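Novice: One-letter residues, chain by chain:
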Amino acid sequence: MTIQTRVLFAVLYVVLTPFVIGLLDGFDRKISARMQGRRGPSVLQPFFDLKKLFEKEFLTANKMQLFLIRSYLCFIVLSGIIFFAGFDLLLVIFSLSTAAMFLILASTATHSPFASQGTSRELVQIMACEPMELLVAVGFYLATSTFTVSDIVTKSPVANIRFLPGFFVGFVFILTIKFRKSPFDISTSHHAHQEVIKGVTSEMVGKEYAMVTIAEWYENAILLGIVGLFFVSSNILTVIGAVIAILVVWFLEILIDNTSARVKWQLMLKLAWGTTIVAAGMNLFLLEIIRG
Amino acid sequence: MAKIHKSPWLLHYDGSSCNGCDIEVLACTTPVYDVERFGVINTGNPMHADIFLITGGINSQNEAVVKQIYDQMPQPKVVIAVGTCACTGGIFKECYNIKGGADTVIPVDIYVPGCAARPESIIDGVVKGIGLFKEKAAALAAQSKA
Amino acid sequence: MEVLVTALICFPFLWAILPAVIHNSKRRAFTVYLGCGIVMVLSVFTAIQWYLAGGQTLDFRLPYQEAFGEIFLWGDIFLMCFITYLSYKHNRLIIAFLSIISTVVPTILEKFGPELPAGPTMRFDWLTFIMVLIIGVVGSLIGVYAVGYMHGFHIHHHKEVTDRRSFFLSMIFVFFGAMFGLVTSANLLGLYFFWEITSVTSFLLIGYTRTDEAINNSFKALWMNLLGGCGLAVAISVGIIYFNTANLYTLIAAAVKTPTKMLCLLPIAMLAFAALTKSAQFPFSGWLLGAMVAPTPSSALLHSATMVKAGVYMLIRLSPAMADNYVGNMVALIGGFTFVAASCFAITVSDGKKVLAYSTISNLGLIVACTGCGYEETIWAAVFLVIFHAVSKSMLFQCVGAIETTIGSRDVEDMQGLMSIFPKLAFILMVGIAGMFLAPFGMLISKWAALKAFIDTSSVYVSTLMVMFICFGSATTMFYWTKWMSKILGASKREKSRDLTKKNEYISMFFHAFMMISLILGFPWLSEHVLKPLSNDMFGVVKQVISYENMVIMIVLLCGVFVIPFINYLLTKGQKGKKVITYMGGANAGDNFNFVSATGDPREMDISNFYMEDLMGEKKLFTPAILISSFIIVVYLIIVVGGALQ
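Chains as they are written, first to last, in the working numbering: chain A, 229 to 520; chain B, 1354 to 1499; chain C, 773 to 1418.
Derived by calculation from the structure, the hints in this document are not laboratory data.
Quick caveat, the model's predicted, so the values are computed rather than measured.
All C-beta atoms in this analysis are idealised placements derived from N, C-alpha and C, irrespective of residue type, glycine included.
Please note: incorrect hints may appear among the correct ones.
[To be verified] From the structure, some residues in chain A lie toward chain B, with a derived Cβ separation under 7 Å:
id	residue
1	Gly254
2	Pro269
3	Lys284
4	Glu285
5	Lys291
6	Ile425
7	Thr487
[Said to hold, decoys possible] Sample of chain C residues at the chain A side, in silico, Cβ under 7 Å:
id	residue
8	Phe802
9	Thr803
10	Leu806
11	Leu1216
12	Thr1254
13	Thr1344
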């Protein structure tokens, strides 16, 4: 990949993500509403919310929070740039987990009971997902002998999903958690079925909350990008297939959200690790055997 | 300050009510009434809320709580008193522990009467409250300029 | 060079006499500072001297080698008698048995066995260079710290404990000497002598307070380390009988040459076994956990700079002989398993020192796993981890010790809001924790290289298992560190009080923090000028482990971790915002720490982290972990020993 295309992709990511993922979020709420037999808000609702949050008065329980949240946002964007500019996949995941740490620090800095409770559960959530994220990178390495995203795309004659079905299943499973769809008692989602007020974001007011929302959009873009990575190959036409796959996975997550609203965090940890070990582990083992 | 009226997030507080109004408030979020089509979300967190929706009267124990929650909401904010009790103290008004309606502690912008208040009228009150936001935001902007 | 190395080994032993005989507190402190200073200067000078001379591997004999040989011999016998006496006194004869066996067999062989050819007995190469610097610099800083800490320990906190500071401080010097000897010896007989000294001094340091618990734990450490010593003794015997040599490098070369011959693998397996006990891998982790009863400087010394590093040092040495064979598989599996298991246990404990102990075991597990793999990448990763781990762990131990002195507790839960009351201590703690697990510090680089190497490992089972171990282990590692970090920030209930940390403790800790940061900044240089020649030394190839591209990304990430928060801090500093109290359902009693209870009075609010004891508590999983790891070791040793006897 030339420097120019790398820069182009990175700029496109930074500029377009808020619009694309925001819009997807709007459709998400619309579709969820329709599934529940409601009309639902406008598809532009996420943007209205965001604009409002930025315009609200700034209250704070601890001033440290603001700079930590801004760092969180910057780090997520940085990870996204590493990913979309086609650099090392493993480093993307490491840097994502470093970013998550800033969010954790921001939410506990207030010493609020709800935020702290949410943080502990958020940590469990990260712990539940991280093995699978790392394993996805391992899977791509096994299939293509490289961690570099640009090489994974340009050097695969066929879509890698052929070698990595188990990894894909495991990854889609943890996406449910990553998109904050389920379990409900960690959720900081927009739905009514939440438990600890707003979890990690409980003490974040106005623009702080808006920045966390944007950061989540940027993160979701990376995760959906990884979903797409399973389906692209050196053939440029596979991009269409990848987009379709991303939309299907995205719809599937909405469906799961609306059908399994009452999963708790204890169950989540066991299920996520179980799926990781079984689906990804088996796939890993078989790939190793094939490679000799 | 353009978009706040498009995404008013609710904080629902139950004072000393008989829970009739609370059931009706929650009914608003169900598919039949679907208040989310106005962008309303029931947040349960004052830090994120724009509309403070109170049901039931104020007693000596929850007085401080209501005040504190009101202070934790960022400007601009609207307070809606839902149901007769929240408006005036209602049937409990003469009780030894009741101070009266919500406006005995914090400034109330919209009064929604009824025992219990019907979902339609609650939504009506919320929509009126949304209308107020424009004025409030403008006033706030003028204040900060001055 | 010979003279310098000899001085490096002998000086601490001789200097150890001074603190032992000087009882005036001030004068003794001065001698310790002076001694530590000399040790540090001497080690740095030796290392630089060697570096400037071109960094060639040096094989040499000590001046007066025969005399030293006699000293080693009689030293071994003396240690054996000493251990026998102590175990008789405390009624633990089994330990005496271990000691006698492991000493008598090699001694007899040396005295009456076949005449060994006189070859070089010492070696100084790149790995030694790194180890000497770690021991010299980190170790002597711990020595400086110890003076202040032990003063506070006896004068302020533990008046009931007999003041044996002279003994303690002189033991620290003995330790330095033994470690220097251990990393420079090529002759296994010499190495065995130093190995036994570290075992015995650690035993004495752990038992310092002479409480029942301390004595029990010290004997636990002793028998486990002596078991490792037995492994070493077997390796020596096999070497002398079958290979007619007691030189470590000859044995390694033999195993590298014919990796399929089990007899060649046998001494390697035994040495690896000894190293596993020393580096506290499962099932031998118990001694390191027990070592937590000792005063903090000795924990720091045992955990970071010296004792446990002796084990991984040995394994790194052996790693070319462990590539893709049974011994390597055993070591890798034990390491990987320890990495996951210990990090799970670290989640469930709240005692700060115990968290550090488990995290040490877990981290060493990763290093051990890397060495077991035996590829250039993993050795590269392992050496990096050793360096980063030594600095940050020593810093963390010292910091927790200082916190304990100041706030009277080392429980993680009690460190709530440390940032607002003792910002200096909190800063050091933050740097240390960040160094342990955040991108792009040592852990990340090493995990990156290790994952890549393990995927490429030839054995399918080992490869799959190891990848899983690393993925899960890194998730659990992240959990306990982040949990701790999040405690430190934020508001605190405590009143601001006087910081009881001594000046010399701060000097040591800040120097560590400085080293940490310069290590990270100098990481590309380190990789280019130290680790590349090291890999060339051991494998005869120079391989670019991390591509130029990734190096750039890591530097960007590094700047990210420091610069992004800093810039954001500056940008948001002037931010105006109305101060509010946190949300507690509207029931705050005026501040963030108390709420109005049902009875109307303010009650204090307590926030605690998750410990998940029911899921992965010590009580539930410790025994299974021991059993599984023992099983792995026994099976592989049977394969190797059986194969050799065939």
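Novice: All hints, please: hold or fail.
Specialist: Hint check results:
1. Residue-level restraint check for A/Gly254 is violated (minimum Cβ-Cβ distance to chain B is 11 Å; threshold 7 Å).
2. Checking A/Pro269 against chain B by beta carbon gives a least distance of about 5 Å; that is within 7 Å, so the hint holds.
3. Annotation: interface hint on A/Lys284 holds; nearest CB of chain B at approximately 5 Å, less than 7 Å.
4. Using the Cβ-Cβ criterion of 7 Å, the hint placing A/Glu285 at the interface with chain B is satisfied: the shortest such distance is roughly 4 Å.
5. With a least beta-carbon distance of about 15 Å to chain B, the hint placing A/Lys291 at the interface is violated under the 7 Å criterion.
6. Because the beta carbon of A/Ile425 sits about 5 Å from the nearest beta carbon in chain B, less than 7 Å, this interface hint is met.
7. Given hint, A/Thr487 at the interface with chain B, is violated; its Cβ is 16 Å from that chain's nearest Cβ, farther than 7 Å.
8. The restraint placing C/Phe802 at the interface with chain A is violated, with a minimum CB-CB distance near 42 Å, outside the 7 Å limit.
9. At about 44 Å, the closest approach between the beta carbon of C/Thr803 and any beta carbon in chain A exceeds 7 Å, and the interface hint on this residue is violated.
10. Residue-level restraint check for C/Leu806 is violated (minimum Cβ-Cβ distance to chain A is 42 Å; threshold 7 Å).
11. This hint holds: C/Leu1216 has a C-beta 5 Å from the nearest C-beta of chain A, less than the 7 Å allowed.
12. Interface hint status for C/Thr1254: upheld, as the beta-carbon distance to the closest one in chain A is roughly 5 Å, under 7 Å.
13. With a least beta-carbon distance of about 5 Å to chain A, the hint placing C/Thr1344 at the interface is held under the 7 Å criterion.
The structure fails hints 1, 5, 7, 8, 9 and 10 (numbered hints given earlier, in ascending order).
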